[in-house]
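*Asks:* Below are the chains, spelled out letter by letter.
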Amino acid sequence: MGKIWNHNKIAYGGDYNPEQWPEEVWEEDMRCFKLAGIDIVTLNVFSWASLQKDDEVYDFERLDKIIKLCTENDLKICLATSTGAHPAWMARKYPEILRTDFDGRKHKFGGRHNSCPNSPVYRRYSSLLAYKLSERYKDNKNIIAWHVSNEYGGDCYCENCEKAFRVWLKDRYKTIDEVNKAWNMSFWGHTLYDFDDVVAPSNISEHFPLFGRDRTQFQSISIDYRRFMTESIVDCYKLERDEIRKNTPDIPVTTNLMGFYPVLDYRKFAKEMEFISWDNYPSPHETPAEIAICHELMKGLKSGQSFCLMEQTPSVTNWQPFNKLKRPNEMRLLSYQAVAHGSDSVMFFQMRRSIGACEKYHGAVIDHAGRTDTRVFREITALGDELKKLGDITLGARSKARAAIIYDWENRWGIEYSAGPSILIDYRREVTNYYEVFHKNNIACDLIGPDEDFSKYDLIIAPILYMVKGDMGERLEKYVAEGGVFATTYFSGYVEEHDLVTGAYPGKLKDLLGIWVEESDALPEGEKNSFTRDGKTYEASILLDLIHTEGAEVLSSYNEDFYAGTPMFTVNSFGKGKAYYIGCSSDKEFYKDFVLELCEKADISKELSNYEGLEAVSRYNDSGSEILFLLNHNKSELTVKLHADMTDAINKTEYKKGQEVTFGPRDVMIFSINE
Amino acid sequence: MGKIWNHNKIAYGGDYNPEQWPEEVWEEDMRCFKLAGIDIVTLNVFSWASLQKDDEVYDFERLDKIIKLCTENDLKICLATSTGAHPAWMARKYPEILRTDFDGRKHKFGGRHNSCPNSPVYRRYSSLLAYKLSERYKDNKNIIAWHVSNEYGGDCYCENCEKAFRVWLKDRYKTIDEVNKAWNMSFWGHTLYDFDDVVAPSNISEHFPLFGRDRTQFQSISIDYRRFMTESIVDCYKLERDEIRKNTPDIPVTTNLMGFYPVLDYRKFAKEMEFISWDNYPSPHETPAEIAICHELMKGLKSGQSFCLMEQTPSVTNWQPFNKLKRPNEMRLLSYQAVAHGSDSVMFFQMRRSIGACEKYHGAVIDHAGRTDTRVFREITALGDELKKLGDITLGARSKARAAIIYDWENRWGIEYSAGPSILIDYRREVTNYYEVFHKNNIACDLIGPDEDFSKYDLIIAPILYMVKGDMGERLEKYVAEGGVFATTYFSGYVEEHDLVTGAYPGKLKDLLGIWVEESDALPEGEKNSFTRDGKTYEASILLDLIHTEGAEVLSSYNEDFYAGTPMFTVNSFGKGKAYYIGCSSDKEFYKDFVLELCEKADISKELSNYEGLEAVSRYNDSGSEILFLLNHNKSELTVKLHADMTDAINKTEYKKGQEVTFGPRDVMIFSINE
Amino acid sequence: MGKIWNHNKIAYGGDYNPEQWPEEVWEEDMRCFKLAGIDIVTLNVFSWASLQKDDEVYDFERLDKIIKLCTENDLKICLATSTGAHPAWMARKYPEILRTDFDGRKHKFGGRHNSCPNSPVYRRYSSLLAYKLSERYKDNKNIIAWHVSNEYGGDCYCENCEKAFRVWLKDRYKTIDEVNKAWNMSFWGHTLYDFDDVVAPSNISEHFPLFGRDRTQFQSISIDYRRFMTESIVDCYKLERDEIRKNTPDIPVTTNLMGFYPVLDYRKFAKEMEFISWDNYPSPHETPAEIAICHELMKGLKSGQSFCLMEQTPSVTNWQPFNKLKRPNEMRLLSYQAVAHGSDSVMFFQMRRSIGACEKYHGAVIDHAGRTDTRVFREITALGDELKKLGDITLGARSKARAAIIYDWENRWGIEYSAGPSILIDYRREVTNYYEVFHKNNIACDLIGPDEDFSKYDLIIAPILYMVKGDMGERLEKYVAEGGVFATTYFSGYVEEHDLVTGAYPGKLKDLLGIWVEESDALPEGEKNSFTRDGKTYEASILLDLIHTEGAEVLSSYNEDFYAGTPMFTVNSFGKGKAYYIGCSSDKEFYKDFVLELCEKADISKELSNYEGLEAVSRYNDSGSEILFLLNHNKSELTVKLHADMTDAINKTEYKKGQEVTFGPRDVMIFSINE
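Line by line, the protein sequences give chains A, B and C.
Be aware that the first sequence starts at 485, since it is given in my numbering, and climbs by one per residue.
Be aware that the second sequence starts at 485, since it is given in my numbering, and climbs by one per residue.
Be aware that the third sequence starts at 485, since it is given in my numbering, and climbs by one per residue.
Honestly, the hints are just simulated from the structure, not real lab data.
Please note that the accuracy of each hint is not assured.
Calculated cross-link-like contacts (lysine to aspartate or glutamate; reagent style EDC-like; alpha-carbon spacing at most 20 Å) [stated by the list, open to error]:
| id | chain 1 | residue 1 | chain 2 | residue 2 |
| --- | --- | --- | --- | --- |
| 1 | C | K518 | C | E863 |
| 2 | C | K537 | B | D661 |
| 3 | A | K590 | C | E643 |
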C-alpha cells in the first residue's frame, strides 16, 4: 500500500497562483491559509512565459520567492512544470509548436493545451524546463510531488503529427500490408502502397459530422490515431518525468486527469504516473453515484492505490451554462466522498480568484472580496479544522471490493465511432446503470481496466464489451471456469482491437456465453419492447438482440413484436462459474433486481443498504482496520442504526452496535470500526 | 419498349466484393448464391487501388479470377469501373485530384466520391481504366451491363473547378455582360468586368448558413454552379461510357442514382444512360407512397422505361440514426413494390458483410455469422425461388398513367436557395402531398420532367412550379388549350431559368391561370388560416396568396384575417381545358378531395381504391397484356375482391372476377389479367 | 435643436436603384413617386463597380442621368457613396481588400460588407470615390445628405488587421507590460514580450463555440479587439466624410445604423455623424415597446437630436424565416411611431423590387407587378398625402424625458463574453424589461450612454451595469448625491473597462449602493426563487445575489432555499438621492410596481396610462409647443378621453379637454396641444 506522498494527514490546499498579484497580497494569502488550515499548495501551473524569456534566458527569481514564502509558512508544495501552455514568444518564433485542429486549421497563439505533442521544439523546451525546475528546487523538503503540465487534452492533426503517426504505424505493423489488413483497406479501394499514403483522420479526410456526432469512415484508422495521440502525449509526460527523476528520484510525479474524459486513454498515463491525481467538477444535476463512479474509475487506474483529489471548487464553477452555488455542507460532503473513495487529499482550484480572463468567476478559497467572514471561507476553515483532527488514519487505505465493472477507453472509441446500429448506444450511461445498483446498496464495486487481474473478484460485469482485445476472451473464460460470475450485454464481442469483426456475435465470447446473436433491432428513440421474469415486466430498449442459445439457459424472452418469445436474457454454466448475457438496454428496476441477484449468487453481502440517500464506504488501512464513511446525501436529516461498534474518527465518541445516529442534511461521519 | 439488358428473368443478386476476403471464402459464397437463387453480381465497385498500382502498372489478375469464378457459376455480371474512389497513391502524387469543400478546405485522401470532377488527372485515369476494363472483358458473355463509378455525388470548389466554371459560362453566355444580366449583377454592385472575376459560390464567397439552411446572396450564380457541377460530373460519366462503347457497343451502360438526391440534376444523367438504375434505402418511417414516388421519379427519368433496382438492403442499414430491422416479409414486399413500379431487377447491397470500416453493420445476403439458417437468408432464398417461377413476364413492361406530376431539380434549387418568403416551403413535401392521393387510390401517376411530352397525359399537376423555364409556359398553355387539365400552386411562375422575376406572379402562367397574385402572407410555423368549399373547411398554411382573378372562376376564399373573402383557389377555362390554382399549402383532406375531383374531371377511373393499405399497380408488356401487383402494406391480413379474371403469375392458380383473395401481413400477389 | 437637413417636411421616400433597370422604366418610376407623394430618394448605394472600372477609369454618366432625372422631378436626394461593397475587379487585383473571417478563412469576392477596414487599398479608393462624388455633385441643391457606405457591419481577422491592432494597442497602452496588465496575461502564462506576440482573438486563437455561444478565453483581448474593430470602421467612415466635407461642408453626412446591432459600438459612430439614421426592421413578434426602445436608443446616440428613419419595408421583409405581411395600417402605424420617437423622415427600402438576387422578395413601393392599384401602394399614397398636410411642425422637435435607462455596447460585450455565471443573463432583455414599464405607462424615457450628462434626469436605471468604466462610479455618486434616483441590478459593478474585477461586487458602486454581494446563485433554466414586498410575491430568477447591507435599507429578501431571509432588494440614501439595488431578474409585475414607484418618488407623472395598447408620445419643437402622437396598437377600436385641448395636426379639427376620440384598429392621430 503506502502513501502517495510525504505528508502525514489528508493534504488540504490547492492551486495557488501568486504570480497574478503583487507581493503585498502574498502575506495576506498566508494569513488566510493559516486561518483555514491549508497545508499544501500547487505552484507554478502556468508560468512558462515568465520562467523562460527566450531560447536562452530563464528567470526563476519570482518563483524562488514564492517557494521560499510557502516553505517558510510550512506549506507542502506540489510543484507544477508549467508546460500546459507555451509562451507567446515561442509560438511566434516556432509556429510548429501550434496545433492544427480537427478541421485542418492551423491555430495561432491562444488558450492552453495548445502545444503540438509531436513538436520537437515543444518536447525539447518542456523537458528542459522540467529538468531546470527539478534541479533548482531538488533540496526543498516541502516539495512532496511534481505536477507535470496540466489537464492534458485535445489533439493535433499537423504535418509533424502526420509524420509521427507514420513512424508509429511502422513500429506497430512493420509493413504497409499489415496496416491495410488491420484497417480493412480493401474496402472502398483504400489500399495503401506506402506509409507516405497515410494521412491523419480528420474532417478533411475520413471524418464528417452526422446527427450531431463525429463520424468516421474508417473506424480502425481513427482508433489507431487516438492510440497514437494518447501515446504522443504520454511521451511528452514521460520526457518531463524522466528529467525530473534525474534530480529528485524520490519525489513522486503525477499529472491531473479528468475522470471519464474520453479523448485520451488514461490507462496508458496511469502506467507512467507514480500516483493518480484528478480534478472533480460535477455539474449540479449529477447524482452521488455519478460522482462516485468517477472516483472509482480514477482509483482503478492504479488498481486501487489511493489518489489525490487535485482540484475541486470550494463553491462554484464558471464554465457551466448555469453555475449554481454548492449548497451549505455540500463542499464538505463532496470532499469526504472523495476521501471515502480513495483520495488522500482535499484540494481546490483555486486559492485566490483571478481578476481577469476566463476563470475569474470560478470559486476560490479567497474570493474577489478578499474576506474571511463569508459562508464559503467559514466552511473551508471548519473542514480544515476537522482534517487536522482526522490525522493520518485514512492515508493509503484501500477498498475491499469483490465486484468490479470493466471500463475501457478503446472500447468506448469503438462504440462511439461505430456507424450503426444506433446512436442511442451510450457506453458510459450503460456502465453507470450497473454501477448505480452497487452504489445505492452500498456494495463496494471497483472500476477496472481490461488488463486487470480478474481473479481478485467474485463478480465482474462488462456492459457493452464491444471490443474484445488480445487474449481477453480467453482470460474471461478462465475467470469464469474457475468460479467467477460474469455478465455482459448487447453489442458485445463484435470486434478485436482493430475494430474488425470476428464472426458471429458475440465473437470471442460466444463459447463463454453459450449463445449467438442472429440479428439486433435498433429501436428508434422512444420505442420500447419488454420482457418478463419472475412475474415482473421490464423495459427493453435501444438495441434488441435476437438470441439463439447454444448451451445457455434462457432467463427471459421478448414480449412483443415479431420476435416475441425470442430469448434476450441468458445464463451459461461454464466450468465452475456462470456467464450472463443481457441482450438489450433496460430500466432501473431491472438493473436493480439483476445486480442484486448476481451479488447474492456471488455471496456478496450488503450492509446499510436500506437508507435512501445514505452512502456508506469503507477503506482499510495497512493493518487491516476499517474506516467507515457515512455520507447523508439528503437535504434532510437521516437516522442510521449502526451495524457494529465504532468510534467517531474526528471527535473520538464511541458508538455501540445497534445505536442510532442522526445525520444533519448533507452531513458526514467517519468511524473507526472497533474489532 | 425492350428489356434493359440481356437477361431472361428478374435479375436477382447484388454488390459482391470478394476482394475483401481470401479466396477460400469465394467457394462458400458460390454455394450460398446457388442456394438463394442468386443469378447476378455487381463486381469491381471499389477496386481502383488494386487494379492500378501507379501511373503505368495495372494488375487485373485477381479480377480475372473473380470474373472467371462468377462466369463458371453462371452468374450474370454487372461490371463496375471502380472509379467512385481514387487510389491513395494518386491523391499523394496528384493532389489536384482531391476536392475542395464548400468551406474552402482542400481535402486529403479519404472517403469516396472524393475526386474533383474537373481534375484532368482524374478524367484521364478514370476513362483509361474504363477503356482497359472493357477491352479486357469484352468477350465475356455474362457481362450484361456496365456500372460506371458509384452513387455520383457531392461537389467541388477548387481552382480547377473555378476555371472550368468560367469556361462553362463563356460557352453559355458568350460575354461577361450577358452573365451580368443573367445574374442581375447590378444588384449590390456585383458587376463583373472579366470572366476572371467569377469565383465559385461557397461559404467563403456568396453563401452563409442561416436558420440551419444554406443561404446564398446570388441565387442565379448558385443555380448556375449546380448546373455546371452536374454537367462536370455527367462529363466524367460520359468519358468513361464512351471508352466502354469503343469495346462493347452492345452492352448497356448505367450508373446508380439515389432517388430525390438534391445535389445533382438527374435528368442530365438520364439522357446519357442506357437505362436507369438506383439504390432504394427508405428509412423506417417512410410510407409506401413515399417509397413509390421515388420509383416513379426514377422511372420517369427515361419516360417510363423499366429500370434496375441496383441496391437495397436485405435486412438493415447502418448509416441511419436507428437502424431498425426489416420486418418479416418486408424485404419481399419492398422488392415487389420496386418491380411493380418498373424494376427489372431485385438487387442487394451487399452479398457479404465487410468485417471492417463504415459499412460493416450494413445488412448482407451473407452475414458476419456466415450462416444460411437465418431468417434473412431464408427470406432471400424464398424470394429467389419465386422470381425463377415468375420468369420474364414483367421484363420491359410499362405503366399506362394518364396523370402526371412534374418534378424538376432546378426548380427545387430555386425554391431552396430563395431568400424568402418562408423557410417552410418544401417542394418535395408538396409534390408528395399530391402524389399520395394517387397512390392511396391506386391511380397510376407518373413523375415527369419539365421537358416531357405533356400531350400524353389528361391531367398534370405541378406543385410549386416556381421556375418556368424556356418555352414551358407556352407548352403548358398548348397542353391545356388542347383539353388538358392542369393544376399548380402558390409560389409558382415567379422566375425564369436564371431566377429572374418575370413580372406579376404567376408570371408566364398568368394567362393560363387567369389570375394575378398581389401579395403572399408567410405564416409563422404553427399559424393557420382556412378556406371552405362545398361545406368542408380546409387548412391554409405556409404561404397564403392573395389573388385577383382575371378571367378565372373563384373556387374558394380565405375565411380569416384581413384578407378574409380574398380568393385563394381558382379554375380557369383555357381553350378546351382547365387550369387550377391553389394559393396555399393545405391538409390531407383537401389534397384528397381536390385530386379525386380532378381525376373525375379528367375521366380517370380508379380500381381497388377502397382497401386501406393495399397498393395495386399494373405493368403492361409489349403485347399489351396486363400484370397486376397487389401489395398488402398492412401488418395484418387483408381480403380483396378481384375486379377481373386473372391468373396468379407465380403458381398459375386462376381466379374469377368477384372472387375474394386473402393476403397475409405484408403479402404480395402478382397476377396476369385474363382478357 | 435644428433640423437634420434641408427639407421642409417629413422626408418621404427611400432607396432607389434605377441602375438595375433600363431607362424606360425610370419615367414610370417618376410617375409612381409623384402619385405616392414621394419627395426624397437615396441614390447610389451599391454602384461602385459601375462608377470605377479600374484603377484609373471612372464613369459617372449613368449617375449623372439619374441625378438629373430626380432633380428635375423635384426629389430631394440622399446621396450614397457606394462603398458598402467593393468592385469585383478590385478584389481580383488586390486580394488584401477581402476579409478573413472569424474562423481564419480568407474570403473570395462576394456579398457586401466585404472590405477589410484596414486595407490600404480599400481606404484609398473608398475615400477617393467619396471625394469624386462630392466634387462632381456639389452644386446640386437637391442633395440634402450624404449616406456613407451602408449598414457597416462585420469584422475582419486578416494580417493587415492584426498589424493595425498592434499599432492601436501601442497607441493606447504604450508598452507591452501595460497590455499584459490590462489583459491579466499572467493568467495561463500568456505574458507577451513584444507587440508582435499579439494575434487577433478568433476561433483559431482565444475563442471557441460553447453552448451555442461564442466564448473567449481572454475577455479583455476580445473586448479590445471589438473596440479596435469599431474604430477601424469608424475611421473608414471618417476618411470618406472628410473628403466630402472638402467639397460640400454644409451638407450633413450620415451612415445608416441598425438599432441594437451588437458588433459595433455605435456611440463611437455617433460622435462622427452629423445626424443619426437607421433602418427599422422589426420581426412580426416584436412588441411596440421593443420597437420603441430601438428608436430611443438611436435617438439617444446624439442626445435626443431628431434622426432619419432611413429604411423600413412598406410591406414585407425577405430575410426572416417567415416573412409575414404588414397588416393594413401597420406601415402607417410604424411610420408614425418612428416620427413620434424622433424621426424626421419616413423612408423605405426599396422603391422598386429587384428582379434578381437575395432581396428580390423584399417589399417595395413598386412591386414586381408594377401596379399602383395594390393595397400597399394605396397605403403608401395615403400616407404621402397626410405627410404633406402635416408639414414641418415636428421637424427637429425633441422629447422631454426626465427618466433614462443606460445602455452601453461595451458593457454588453463584457456580459456576453463572460465565462459564467449564467448563459441566461441577457442584457438587452433586462434593459427592455425596465423600459417596457415606461412605455406601457406612456412615460417618456431616454436611452442614454454612459457618458451622458446624468444631471438632466431625475431617474436613471442601469440594468446589469457590469462594467463601470473610468470615472463613471464617481459621476453616478455625484448624480445621486445631488438628488437623483438611481437603480441598478445583479451582475453590476464587477469590472472596469479592461474587464478586470475591482474587488467585492458591486465594486465602484459599493458605497453608492451601501451593500456588498457575497455570493450569486445561478439558477438553471426553469428554476425559480421568490421574494415578497408589501404582500406581493415576485419571481427571482437567472442570477440571485446574496447581499450584505452596509448602510442600505432592505426592501425585500428571498423566500426560499438556504438563503431564505437573505436580502436581495435594497435602497441606500446617498446625499440627497436614493440608490436601489435589485439582486436578481424578476417578473413583469415586479418591474411594473418598482418602476412606477420610482417614478412616483421622482415625481414623474404619467398621462394617458390607462389605455391598453395606446402609445402616447410627445415631441416639443423649438418654440416649446407640444405635438402629441397617439398610436392605437390594438387590432380593435379604442376610445380615448383627451387630457387637454388640442388640434388634429393633419385635418386641423379642434378637440376639447375631456372630449372622447375613437381610434380605428392600428390608427394614429397627431395633435398640437393648445396652450
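*Asks:* Next, verify each hint and record whether it holds.
*Replies:* Consistency of the hints with the structure:
Distance check on the hinted pair: K518 (chain C) and E863 (chain C) sit about 14 Å apart at the alpha-carbon level, within 20 Å; holds. Restraint check: the Cα-Cα separation between K537 (chain C) and D661 (chain B) comes to about 14 Å, which is no more than 20 Å; the hinted pair holds. Using a Cα cut-off of 20 Å, the hinted pair K590 (chain A) and E643 (chain C) holds, with the two alpha carbons roughly 15 Å apart.
In summary, the structure agrees with every hint in the numbered list given earlier.
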